[in-house]
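Heads up: the protein sequence lines correspond to chains A and B, in order.
Sequential numbering from 1 applies to the first sequence in the numbering used here.
Sequential numbering from 1 applies to the second sequence in the numbering used here.
If you are wondering where the hints come from, they were derived from the structure by calculation, not from laboratory data.
Take the hints with a grain of salt, since some may be wrong.
Stated by the list, open to error - Simulated pairs of lysine-lysine, DSSO-like, Cα-Cα distance not exceeding 30 Å: (1) K562/A to K163/A; (2) K562/A to K443/B; (3) K507/B to K194/B; (4) K163/A to K375/B; (5) K443/B to K29/A; (6) K448/B to K163/A; (7) K448/B to K110/B; (8) K443/B to K582/A; (9) K448/B to K582/A; (10) K499/B to K510/B; (11) K210/A to K489/B; (12) K194/B to K443/B; (13) K412/B to K65/A; (14) K367/A to K443/B; (15) K412/B to K210/A; (16) K163/A to K443/B; (17) K490/B to K194/B; (18) K29/A to K490/B; (19) K110/B to K205/B; (20) K205/B to K510/B.
What the hints assert, rightly or not - Which stretches of chain B does chain A cover? Using the computed rule of at least three CB atoms under 8 Å from a CB of chain A, they are: (21) 319-332; (22) 370-382; (23) 394-407; (24) 413-426; (25) 439-450; (26) 478-489.
Here a beta-carbon is modelled for each residue, glycine too, at the ideal position from N, C-alpha and C.
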Amino acid sequence: MIELVWLIPVFPFIGFLINGLFGRNFPEKVIGWIGALSVGASFVVALGIFLELLGMPAAQRSVQKIVFTWILSGDLNVPIGFLVDPLSMVMLLVVTGVGCLIHIYSIGYMHGELGFRRFFAYLNLFVFNMLILVAANNFLLMFVGWEGVGLCSYLLIGYYYEKQSAADAGKKAFVVNRVGDFGFLIGMFLIFVTFGSLNYLDVFPAAQEKLTQGGLMVTLITLLLFVGATGKSAQIPLYTWLPDAMEGPTPVSALIHAATMVTAGVYMVSRCSVFYAMAPVSMTTVAVIGGATALFAATMGITQFDIKRVLAYSTISQLGYMFMACGVGAFASGIFHLMTHAFFKALLFLSAGSVMHAMSGELDMRKMGALSKKIPITCTVYWFGTLAIAGIVPFAGFFSKDEILFFALVRNPAFWVLGAVAAVMTSFYMFRSLYMTFYGESRVDHETAHHVHESPPLMTVPLMVLAALSLVGGFVGVPIFEGWHRFGDFLAPVFAPAKAILEHGHHAEHHSVTMEVVLMAVSVGIAVLGWLFARWMYVTNPSASDKAVEKFGSVHTLVYNKYWMDEIYDALFVNSIVNFSKLLWKYFDEGIIDAIVNGVGSVTRGIGELLRWLQTGLVKDYAYSILLGVLVVIGYLVLK
Amino acid sequence: MENVSFPYLSYITFIPLLGAVLLLFLNRQSKELLRWVAMIFMLADLLVSLVALGSYDSSSPNMQLIENHTWVRDWGISYKLGIDGISLFLVLLTTLLGPIVILASWKDIKTRVKEFLVCLMVLQVGMIGVFVSLDLFLFYVFWEVMLIPMYLLIGVWGNPARKLYAAMKFVLYTIVGSLLMLVAILALYFMAGKATGVYTFDLLKLHDYAVPLQAQFWMFLAFFLAFAIKVPMFPFHTWLPDAHTEAPTVGSVVLAAVLLKMGTYGFIRFAIPLFPNAAADATWWVCVLAVIGIIYGAWVAMVQVDVKRLVAFSSVSHLGFVMLGMFAFNAQGVEGSILQMINHGLSTGALFLIVGMIYERRHTRLISEFGGLSKVMPLFAVFFMVFTLSSIGLPGLNGFVGEFLILLGTFKVYPWYAVLAASGVIFAAVYMLWMFQRVMFGKVTNPKNLGLSDLSAREITVLVPIMVFVVWIGVYPNTFLRPMEPAVKKFIQHVETKKAAVLNMEKAKKQTNTRQSEAVVTSSLSVENR
Chain A
1 MIELVWLIPV
11 FPFIGFLING
21 LFGRNFPEKV
31 IGWIGALSVG
41 ASFVVALGIF
51 LELLGMPAAQ
61 RSVQKIVFTW
71 ILSGDLNVPI
81 GFLVDPLSMV
91 MLLVVTGVGC
101 LIHIYSIGYM
111 HGELGFRRFF
121 AYLNLFVFNM
131 LILVAANNFL
141 LMFVGWEGVG
151 LCSYLLIGYY
161 YEKQSAADAG
171 KKAFVVNRVG
181 DFGFLIGMFL
191 IFVTFGSLNY
201 LDVFPAAQEK
211 LTQGGLMVTL
221 ITLLLFVGAT
231 GKSAQIPLYT
241 WLPDAMEGPT
251 PVSALIHAAT
261 MVTAGVYMVS
271 RCSVFYAMAP
281 VSMTTVAVIG
291 GATALFAATM
301 GITQFDIKRV
311 LAYSTISQLG
321 YMFMACGVGA
331 FASGIFHLMT
341 HAFFKALLFL
351 SAGSVMHAMS
361 GELDMRKMGA
371 LSKKIPITCT
381 VYWFGTLAIA
391 GIVPFAGFFS
401 KDEILFFALV
411 RNPAFWVLGA
421 VAAVMTSFYM
431 FRSLYMTFYG
441 ESRVDHETAH
451 HVHESPPLMT
461 VPLMVLAALS
471 LVGGFVGVPI
481 FEGWHRFGDF
491 LAPVFAPAKA
501 ILEHGHHAEH
511 HSVTMEVVLM
521 AVSVGIAVLG
531 WLFARWMYVT
541 NPSASDKAVE
551 KFGSVHTLVY
561 NKYWMDEIYD
571 ALFVNSIVNF
581 SKLLWKYFDE
591 GIIDAIVNGV
601 GSVTRGIGEL
611 LRWLQTGLVK
621 DYAYSILLGV
631 LVVIGYLVLK
Chain B
1 MENVSFPYLS
11 YITFIPLLGA
21 VLLLFLNRQS
31 KELLRWVAMI
41 FMLADLLVSL
51 VALGSYDSSS
61 PNMQLIENHT
71 WVRDWGISYK
81 LGIDGISLFL
91 VLLTTLLGPI
101 VILASWKDIK
111 TRVKEFLVCL
121 MVLQVGMIGV
131 FVSLDLFLFY
141 VFWEVMLIPM
151 YLLIGVWGNP
161 ARKLYAAMKF
171 VLYTIVGSLL
181 MLVAILALYF
191 MAGKATGVYT
201 FDLLKLHDYA
211 VPLQAQFWMF
221 LAFFLAFAIK
231 VPMFPFHTWL
241 PDAHTEAPTV
251 GSVVLAAVLL
261 KMGTYGFIRF
271 AIPLFPNAAA
281 DATWWVCVLA
291 VIGIIYGAWV
301 AMVQVDVKRL
311 VAFSSVSHLG
321 FVMLGMFAFN
331 AQGVEGSILQ
341 MINHGLSTGA
351 LFLIVGMIYE
361 RRHTRLISEF
371 GGLSKVMPLF
381 AVFFMVFTLS
391 SIGLPGLNGF
401 VGEFLILLGT
411 FKVYPWYAVL
421 AASGVIFAAV
431 YMLWMFQRVM
441 FGKVTNPKNL
451 GLSDLSAREI
461 TVLVPIMVFV
471 VWIGVYPNTF
481 LRPMEPAVKK
491 FIQHVETKKA
501 AVLNMEKAKK
511 QTNTRQSEAV
521 VTSSLSVENR
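Extracted from the complex, chain B is given alone in its bound form (with noise of 0.2 Å):
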């Protein structure tokens, strides 16, 4: 494979580096010089990202951007990088998010502003690396380094009572599913090479390599727990809720909309295409989990009394419909899957922002605190309620989209999954809209709430790209779905032929195993006629 005339993917991975770098040359004491120069180079990198989409080909369902160099010749590591249909809008996400986040954290964070914001341009440089990498080292590398300025925004800046506790936990929860991920890697690693004679971390490479059956349960369940626990699935799902709540609105918002987007991502770039006739096995536990996850999620979320842990569990439920579409191997699963990973970043991400800007205002979270505020801020409340109607699905607006081909595609093949989940829907609608209704309506019954601001410019400017989008995709989503048709129908594709693949191979093993066997009887027979 060539190389791409210009390294796009490089320099948007790397950019945000760049800038951390000379964060470190600056001098701590100005604080607003050092924003602007993360802001700039985080604009920096949207712009060649949007730059790089004129040499994308839509229609195409090959890897492109392509860029590979040797990287450990001997053990066959590569620096290869390349996007196709699935993470497109994922790497777009995350560069239009990093803008809109030093914006927010603008008046949020006001120690160690320096130390935040290097953390915060080294988090994008390991996620984009996570969504480009096409070499299962150099995407292990770009996995960890996303963990550790995670662990210190939560740990350094978030909420002083419980953040040690939540970023331990999220570090832990995350290690334990990345070391067994790890340890799959070099397995299959080694069976490859063993078998092929080429030792290679080459992914594209390792799509092609049938992994037989017994193996393949093994690997799978260990890319498994490391992808569901960030996902996170139910039942590893309660290093959120602490999270999330503990770690500064930015955190927040990172963390929900690109961060868990990994483990999603994982399964239908890793997971899925190495392991598919595990994968397969796995759908039905894989659909309950997930159907509980989208049930579990709304329920808990229903009765929390933090709005932050309330917006937290309602991840847990929209992102079981991601799984349930990915597990539904048809083209309105999965697409509306990729979607819904997308969505899910826009409409969390807003909420958590705007949750964020209330506790700005009244250091608190808990809905009980609140109250009427649609009559002192109601600017505020007509953006809050469009995220609000974005996150319970309401047609016309981005999640209606992406969770209505998720549940027609889980019907086509398991109707009674879909209709479980599609239960999940109404309860949506149950906890978003009382948790509105106890935040805006009402008389203002805290007379703290009585001198509230309503939005700054500022954070006008931080919420109007992510509503853009949010109407944007609701009302016509084949921009965004035209270009992921042709990667998911050669997933699709992939999966089905490397399944039968591995069958007929099990298959003909078996037949020289009993040959074989066969053979051995018969020679020791002769053996002792001898």
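In isolation and in its complexed conformation, chain A is listed as follows (with noise of 0.2 Å):
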């Protein structure tokens, strides 16, 4: 069956191609049922993989399948081959799986669109480009998915693309990416140049023969891959284009800007944890950048009225925390959240989405409340998003975000102080979308309210599987008990050697059970804190908002309009880069260079044009100026 790994990306490059090529004629659900099936294919290889994996000694679940040799120039090999081992076989489950879910969903959300079809072709495109990501056994390939997911990502926020906003938001995502891209490239030509291969397989095993601990090589390779992480993940500094990403599709900001794509930059992370541990800068870098940017997006989560900015700035949020595992070496808590994080985020979007169905399209909470009555089962199920990302007993979320809390306080106590009151902001900012959404008086105006349904069992029934997993999605990584960490287990041959080095001259350092339950006791309080906060201002006493929001004016305004970052980046790398250029152009290019070409060439004609009045044709000139030749010659003889 492994060898058979080839089969994921390919069944949904399959379902683009029928989309793309001949679906011009297809009905609605064939074209649908094509794009969800084509994953649901891959899902089923993938669980079958799996299974075989679970079947072997834990040692060598690592099995590389080379398809063919892609690029072969000089000591560069780069073969298209795929890497299954347990790290590439969670993200090929999450991808797949929730990947179908979402397929099904779309085929109820997007009905009746008029880009249908071109929308089916995309998600499976993109779906075939992440699985490329996750899958690849090497370097460049896996830069081939990078960049793939990139542009599914473009064309997909700029699915309506006659909205000004879409486009804008669509080129941004690129650009941005970009600019990460940029760093992941120079670290994979330092990688190449150090290790000569490109291919995992023969790069790490080898990190720390040809790599120094701690050293300048190590340190570089890993920020610079970094630089890639933050633009694809969206974390400080490169987040701006995750918010306008919301243009897209509900769907498609559930499946790639939350549960999928912008989770690349973590795989990446931990895929290469050899690297990070042995570069302690980079480590502090990451934990520093990932806390952060969990704490700093959590502010603006706030603050924002949209139901999907929220939900945003919630995944940037998210993100971070991931980052901040990776930093504190607890990779495999990174990817526990990673998955647990794909269950309810996009259980949440896909449950705004059905909101927004029944909303007749739409997205501000200041228009809706008291929905609960009228669409109970969305509201059942974001009340199981939310309880899951606020880290309630027993949700998923619940069992990752204390894992990753617990490491942190392990390494460094700010740490945890940073993850501690982000998770308060997230507790409260979740709980009051859920309030001001479904709770609460309606403020819904007339002519919608007469329109509000719920949504039909294509999209009811994803939604309350990807519940049920949001519940028992953390079941699998329970801790404290000796052989419940089913996942960490799953995982630990993959980040064995980083661990291995992690832990040189240190003793595993044992902690105690009461220090754990302690802990865990602390991170519920702090969501249950957020809860009944929110609860106290949208529900008991909905004027405490508005009271809040003046008294806090100033503070309010630069939350709410997002620090103006995306105003500052502008002014200082958009505009000035244009206003640049033009000078460069008009100044430079035709002002200088050009106007030296035409100077040449006026300066010869002009040439020309003088010695024109000496050729004139005309004997009479020539008998003059041949007179006038006598009479100087003369002058000068008898002159002298």
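Both chains are given apart, each in its own frame, so use the hints to dock them into the complex.
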């Protein structure tokens, strides 16, 4: 079965080709199911491989399958090849599983849209690229998927291309990602120069032999790769594109900008865990950036009124947690949170989509309220998602977030504080969105109120599946009890080398069970605190929020306007380069170079014009000039 | 060296000329017939070039399909043709574009069709001739042959407003470089003849002649100017935007796809192997100019208001990559460079075709005149998108492989140049996507754009072959890299050995010089003593 790993990305690609090339006259249902089933087929294959992998001894769970040689030039040999190991397995299952559910949901959600076929073609192309990204056995092929998902993100954000803001957002996403990719590319060059190969199995085992612990080279490589990760995973300073990416249809936000693509950076850092373990400076950088992003994005989430933007900032914030996990060396916890986040964040986005569906496309939570009765299923699943992301026992988010906070505390209490404060905010803004949307007074306008309706089963069934996963998804990683942390044990072989390096010289610290239990209680307490505060502000005492806004007027304006980061970036980079380029063109290209060229032409021409007077062709003129010459000569002789 | 059993290369070079001659005898009024005749000859040419591929041994690093005939015995001029892994795909690119260009001009050119087609066919002869010549004199003849039809294409069928200015600028720029090159060719001829006793223009023989350092510098400079103008390298590029913008669509296509490659090909075939020491010494400033070209071209492209001018400036940027890779002098850099020549020919050629297609419909090229075309021309949008992505180097399409190899090869020797050049990849995304957005996305605001028709069958036929190669090179570049590899290795090795040989020679000369001067001193002393 493992031999068939190449089938996993091929299925969605076939779906893309069928719909893209021949789907012109297909009915909607056919197009939709071709899209969904092609991803479903990949999921089935992935599941089969997973079962086979489980049957193998833990140490041997790393199988490479080379399909063909892609680029062969000098000493560079890059294959189209796949690596199946626990890490790629988790990613494959998440991408195909969640992807398939979102495809099914989209059949209902996108019903009647003009570009239905285009949508499904792009979506399948995205899944193909994402699978290439996570299953690749070398950096360059990962980069192919990396740029490929960026392209699909661009295309899907700009899906409503007639809308100026959508087209702008798509371009912004692509360009900001390219800035990150620049770092990835240079990092890759350094890897090739150091190792003479880009294949994981050539590179990682040789890391300790070719690189020095804490050396400049490994630090550079990891920092540059991390630049790539900040672009794709929307971390400080390259996060600005993600909120704008919400211009895309909601299933796109769920699949690409929450569950899968944006987690690629976390995957990449985890994949290179050996490198990071060898570069303490980079580890600290990753942890600091992750923690800071978690907090910073959470503050912006608090003030937004657009339900999708709240979720977008929360995604940035949750990705920050994952990076913080990687930065403190808890790679498995980062991946664990990646998985649970995929469940509950996909769920939240899709429920938001269901709300939009009911509300005729309305996104502003100020125009919602009291929807719980009218769309009960959506409301229930939104509860599941909110409880999960807030980290309430026993929902999935609790286990993964708690694990990250635990390791953060062990590493450095400052990281724990960052994470804990962000957790309060997370809980607050999520319950805020829940209450504003589904409870309190109805602020829905009359026109819309008539049409409010629950979504069709095509949409609600995937929601329920995701809700179930948000509830039970964390049970694979129950702490404290020996042998209950299945997830961590499964991933352990992948991160063992990194762990060995990190623990080198330190004794593996043993932590008392009491400490773990206390921490858990604290994190649940934190979550409940945020919850109660939101409840008080938006249900019990609805005027409180307005008062708070008044009281913190200037701070609120600052945060509400996203700290004017977009404007600052525009002024610093975009406008300055554009203006400078205009100067270059007008004054340098045309004003100097071309002026010189034309000048040379004019001078030549001018001299010719002058000389022309000597060659009039009139005998009379020539006679005069002879006479003149004779006079000059005679005059000279006489005066001498 | 023996002649090949069947003179493929002569056929490939001169079939278009036969076509041109035949066209001269046809009635100028029967335009369809003229076009079909041109088409058939171009297709025949393509066919022969594909058949010739069967006799080409892609594992050999040597010149193949060689034809060698004495032309002017007394002056050592020969009619010598041959191709290797470096020129192979450039020839194929040219023959592939032949029929495409005829088809693309089918509806576009309505006046003086006969002369137009004759110009195109003669141009084809010149271009192929440059790629297959192995004799410097013959090469120079073909080099100059290209100039005249291109001048006419711009000057006669160009955009009325500024076509004469653009045509003149093109010719003067090129001539300045060419004449200097001619001087250098003659200097080389006499110098080598004097040193070895054999006066010849045979390139392969001259390759083996070690030119003294001082002379190398001046000759390289002359060749550099000729080729750098053609490439065009910053700051010799200002003829390009004008020539491209004012030329008719197919003129721009040929100019971008093939003519610019004359410059880069000239470096790899003539300037570098003949004067390797001078080339090596020039590396740093060639690379600096290349990097400036990459970033400068991208930035200036970003602020253009005319689509065609934008694509023209993007060429300056792309060709910077080609030069950079070549001067890395390692397998990845040089192979990437050659591959990128092909890639640029395909992508930018296609983009000019695309721009031509909307120009035919709207008779304007101003970006601000468009917007929302995706809605009215969905099929066109797909092609435009793919070629845009190919141009910005998206993995899976052709541009990426070339750029990656170039950057990797450069990084190995000059990491900082590679880092700077890689930033050009970001700007490429900016200017192309921004342009694409303004032309294709948004609402149709200009009523004139509402009724535009989508691509016709003819236009699809024009674009599809290019698209096939764009994807092919992206997914399986080995088809193209494998035949290059032996020739590129040989090229690198040749540069290395010849460089060393020249240095040894200079050292030896210095020693004999000192010895000689010592001898002179002693002899003069002895004279005084007497």
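Subject >> Structure versus earlier hints - violations, ascending order >> reply: 12, 18 and 19
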